[in-house]
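> Residues per chain, in single letters:
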Amino acid sequence: MKNNMEILIDRILESYVTIGGMNHLEGHNLPSRQSIIRIVDDLESVLFPGFRDEESLNRSNYRYIISNKIAGVAERLQEELSKSLCYFNGNTKKKTDNGNSDIRAEKIVLKLLKIFPDIRQIIKSDVEAAFMGDPAAKSHEEVILSYPGMEAILVHRIAHELWIEGAPLIPRIMSEYIHGKTGIDIHPGARIGKYFFIDHGTGVVIGETTVIGDRVKIYQGVTLGALSVKKALGNKKRHPTIEDNVTIYAGATILGGNTIIGRGSVVGGNVWLVSSIPPNSKIYNKPGHYTLKSNAEKIQDFQI
Amino acid sequence: MKNNMEILIDRILESYVTIGGMNHLEGHNLPSRQSIIRIVDDLESVLFPGFRDEESLNRSNYRYIISNKIAGVAERLQEELSKSLCYFNGNTKKKTDNGNSDIRAEKIVLKLLKIFPDIRQIIKSDVEAAFMGDPAAKSHEEVILSYPGMEAILVHRIAHELWIEGAPLIPRIMSEYIHGKTGIDIHPGARIGKYFFIDHGTGVVIGETTVIGDRVKIYQGVTLGALSVKKALGNKKRHPTIEDNVTIYAGATILGGNTIIGRGSVVGGNVWLVSSIPPNSKIYNKPGHYTLKSNAEKIQDFQI
Amino acid sequence: MKNNMEILIDRILESYVTIGGMNHLEGHNLPSRQSIIRIVDDLESVLFPGFRDEESLNRSNYRYIISNKIAGVAERLQEELSKSLCYFNGNTKKKTDNGNSDIRAEKIVLKLLKIFPDIRQIIKSDVEAAFMGDPAAKSHEEVILSYPGMEAILVHRIAHELWIEGAPLIPRIMSEYIHGKTGIDIHPGARIGKYFFIDHGTGVVIGETTVIGDRVKIYQGVTLGALSVKKALGNKKRHPTIEDNVTIYAGATILGGNTIIGRGSVVGGNVWLVSSIPPNSKIYNKPGHYTLKSNAEKIQDFQI
Chain A
1 MKNNMEILID RILESYVTIG GMNHLEGHNL PSRQSIIRIV DDLESVLFPG FRDEESLNRS
61 NYRYIISNKI AGVAERLQEE LSKSLCYFNG NTKKKTDNGN SDIRAEKIVL KLLKIFPDIR
121 QIIKSDVEAA FMGDPAAKSH EEVILSYPGM EAILVHRIAH ELWIEGAPLI PRIMSEYIHG
181 KTGIDIHPGA RIGKYFFIDH GTGVVIGETT VIGDRVKIYQ GVTLGALSVK KALGNKKRHP
241 TIEDNVTIYA GATILGGNTI IGRGSVVGGN VWLVSSIPPN SKIYNKPGHY TLKSNAEKIQ
301 DFQI
Chain B
305 MKNNMEILID RILESYVTIG GMNHLEGHNL PSRQSIIRIV DDLESVLFPG FRDEESLNRS
365 NYRYIISNKI AGVAERLQEE LSKSLCYFNG NTKKKTDNGN SDIRAEKIVL KLLKIFPDIR
425 QIIKSDVEAA FMGDPAAKSH EEVILSYPGM EAILVHRIAH ELWIEGAPLI PRIMSEYIHG
485 KTGIDIHPGA RIGKYFFIDH GTGVVIGETT VIGDRVKIYQ GVTLGALSVK KALGNKKRHP
545 TIEDNVTIYA GATILGGNTI IGRGSVVGGN VWLVSSIPPN SKIYNKPGHY TLKSNAEKIQ
605 DFQI
Chain C
609 MKNNMEILID RILESYVTIG GMNHLEGHNL PSRQSIIRIV DDLESVLFPG FRDEESLNRS
669 NYRYIISNKI AGVAERLQEE LSKSLCYFNG NTKKKTDNGN SDIRAEKIVL KLLKIFPDIR
729 QIIKSDVEAA FMGDPAAKSH EEVILSYPGM EAILVHRIAH ELWIEGAPLI PRIMSEYIHG
789 KTGIDIHPGA RIGKYFFIDH GTGVVIGETT VIGDRVKIYQ GVTLGALSVK KALGNKKRHP
849 TIEDNVTIYA GATILGGNTI IGRGSVVGGN VWLVSSIPPN SKIYNKPGHY TLKSNAEKIQ
909 DFQI
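Residue numbers (our numbering), protein chains in the order written: chain A, 1 to 304; chain B, 305 to 608; chain C, 609 to 912.
Hints are not guaranteed to be accurate.
[Claimed, not checked] Below, computed lysine-lysine pairings styled on DSS-like, alpha-carbon distance capped at 27 angstroms:
1) 498/B x 428/B
2) 236/A x 746/C
3) 428/B x 418/B
4) 586/B x 894/C
5) 181/A x 485/B
6) 722/C x 677/C
7) 282/A x 901/C
8) 802/C x 746/C
9) 894/C x 282/A
10) 442/B x 844/C
11) 181/A x 789/C
12) 282/A x 541/B
[To be verified] Quick look at which bits of chain A chain C covers, simulated, 3 or more residues with Cβ under 8 angstroms:
13) 164 to 174
14) 217 to 225
In short, the hints are calculated from the structure, not lab data.
Computed from a predicted model, the values in this text were never measured in an experiment.
Using N, Cα and C, we set each Cβ at its ideal position, and we do this for glycine too.
Isolated chain A (complex conformation):
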């Protein structure tokens, strides 16, 4: 076997040269997915100190422990940002870009730290929205510790800030990590107001140019998507606008960059919408037409 395998491995190695394209061999320029995942986990535990970690926090030690954790995650994030900025500035072959990426990365991290208290404030509003919006929620602690929609919006709020600052690649790695964990796919470009609540969440898709107001509630399987998938439209608003106080029930699909769901509206389950509806609307599918057979005899067609 030895010889056969050596030959086959050599052919695989050759394929990296001949097929190329997908392999990046020039060192550490690309951010590491593993590092980003650890950064996300650490940021979560700094947003909710004492909830996600196993260390015991108390009034006397928490300043020390959390200061260290924040400083550590800031340093690692800056390193990955610098790699990513350098790579996408076309400096993949050079060892350096005269420190430009380092400087930009530091600025982004300091900006993020600066608004961190505001992010905590808005996430507090999300916790409240989940607790009030779900009759099954028994406590705020349950929301924070177990609701997947909570984890999705929390990481989105950080990824979105990095997106705004123009950080390449890293916000998308963050959002896809949480998509994998929760089944909730929020593009980091989406703008989302406060008191936001996603219940259950599996299958939710929120596209890049979506705009969502305050106090919006969304259920599992809701898509806020694009009508056209032409690559050339990459920079246009392709996804809908959801105004304040809107509720969208499970499985509804709302498509298009010009589609506006007016404030205070309710979109029923499985509704398929490609045009706007005015404020305070309620839109439901008309009662379904079913064929009901009982004991193998067809007894009626009926509407429910």
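Fit chains B and C to the supplied structure of chain A, relying on the hints for placement.
Showing chains B and C alone in chain A's frame:
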């Protein structure tokens, strides 16, 4: 950078005091999500000894290895239960509640161990149901080792017992851990009979007060949900009852606490039901109305 | 507690004998799920050297590092394959089957290594399809590092080769591991052409006997499933055929082994299809009937 960052970190630390609400700094009272996850994994490997772990088990050593594993997981579960009971009894500030939570936690763990053989028996029925219900299943081993629906129902059966005993928070952390892994969201309050099979499973939602009989089969994307989401209804039956021998195909939505799907019924794919159907019914959407265009020419509207 | 717990543990141990069926105590014959997961991760990092791992690769060291990694993963895969072949040949009780399983396992691994460059070539086409097919994709690197559909098809292409070679159980463990990570459930039996792209992906189900041509694009929540679930039909073609250049939008369901979606066709969102459509068709649900109420007054029934 040093100085800037120190200032920013100080502001974040202050925000834990001023914003508060979401951070729990008084030590180890809340159960640890990481510990619960390890407990779930260990319980799985004790339910299926020799399947999930890497140690080699044989007739001579398995009593020793598994006894130790059961005793260990029981001890850790008791510790987390005690924390959780103490916390939600309002004893968050005190170091102790005179051992009341410890005593209650021990009782819950002993109860769980007592019915463990019964849980294994009913999970055996679930394995059989999956094997018989899926033409693609090649062996019972495949079902146990790879079916996400299997893992979801297995963990649910344990979480549900803890739920019945009134354990706060921990059953929900368990169910959301498995929701993340499988895309199947079963609230620990749901009552589910034997020979239960969820195929594929992504997007399934089964609400808190759902009641499901024996030999029920459910496909991906099925929601058994609530009609109203008023917080005040938190203790009422808000989710449907599914009687014995019912099959519910992919994407069907069944809502409401008074909705009963009579035994032996079949609910077709994508059906939307908010009222009861009698036993032995078959309910399908009427053939869809489509617009079919071929070669860019519209050739017909048709039903299929 | 000691005594009580000992008694209860003894009863659990007894249940392994009396209930039996689901526990496999005779050692290491079954493949280990943990090992398969590590093998999948290593195969991914060999398909994309320098993308998934943290080591620094450069032109001088990569031959050494990757050779070692390939040889290591090949060895571990061979070991798991051998266990699995031996187990399902009914040799669960014997320590050996005279090396037949070892020989077969080696052949399968050498075959996989032989076609590894071809698998890389076809995955390169998948990366290209994702980049071209999604206006939100900013770079090939983003596709490789963050798209769940990319990870799903990549692992499927390996699992499918093992499936073709008749490897029991392992391909299914691989596909369900990725199903758990991405929400995309592709049975290893499915045959899928090049330039394949799944966008978002949560809730996608692709059944065992599905056949998919080249340049096919699929969105979240699409099911390519079976009409009948009779166990006896286990070997028949039960799932549809999707020809070249077909696009299937979110939530569409296509069922049945005789259903053929002709090349160049477009299947609209939420369409439910159980029969064939000719080449170059576009099939959409007719505009939905909605009830729209505004300001709590019903103003119109309308179509959109």
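> When you check the alpha-carbon spacing of residue 282/A and residue 901/C, does it fall within 27 angstroms?
With a Cα-Cα distance of about 5 angstroms, the restraint between residue 282/A and residue 901/C holds, given a limit of 27 angstroms.
> Holds or violated: residue 181/A with residue 789/C, Cα cutoff 27 angstroms?
Judged against 27 angstroms, a Cα distance of about 7 angstroms means the pair holds.
> For the pair we were handed, residue 802/C and residue 746/C, check the Cα-Cα distance against 27 angstroms.
holds (22 angstroms)
> Given the hinted pair residue 181/A and residue 485/B, is their alpha-carbon gap at most 27 angstroms?
holds (7 angstroms)
> Under the criterion that the straight-line Cα-Cα distance not exceed 27 angstroms, is the pair residue 722/C, residue 677/C satisfied?
holds (16 angstroms)
> Please work out if residue 442/B and residue 844/C have their alpha carbons no farther apart than 27 angstroms.
holds (14 angstroms)
> Residue 428/B and residue 418/B: Cα distance at most 27 angstroms?
holds (17 angstroms)
> Under the criterion that the straight-line Cα-Cα distance not exceed 27 angstroms, is the pair residue 282/A, residue 541/B satisfied?
Within the cut-off at roughly 26 angstroms; holds.
> Given as covered by chain C, does the segment 164 to 174 of chain A meet the bar of three residues or more with CB within less than 8 angstroms?
Answer holds; 4 residues pass the 8 angstroms Cβ test.
> Would you mind confirming whether the straight-line C-alpha gap from residue 894/C to residue 282/A stays at or under 27 angstroms?
Holds: residue 894/C and residue 282/A sit about 21 angstroms apart, inside 27 angstroms.
> Is residue 236/A close enough to residue 746/C, meaning Cα to Cα at most 27 angstroms?
Between residue 236/A and residue 746/C the Cα gap is close to 14 angstroms, so the pair holds against 27 angstroms.
> Holds or violated: residue 586/B with residue 894/C, Cα cutoff 27 angstroms?
holds (25 angstroms)
Violated hints for the displayed structure: none, as all numbered hints are satisfied.
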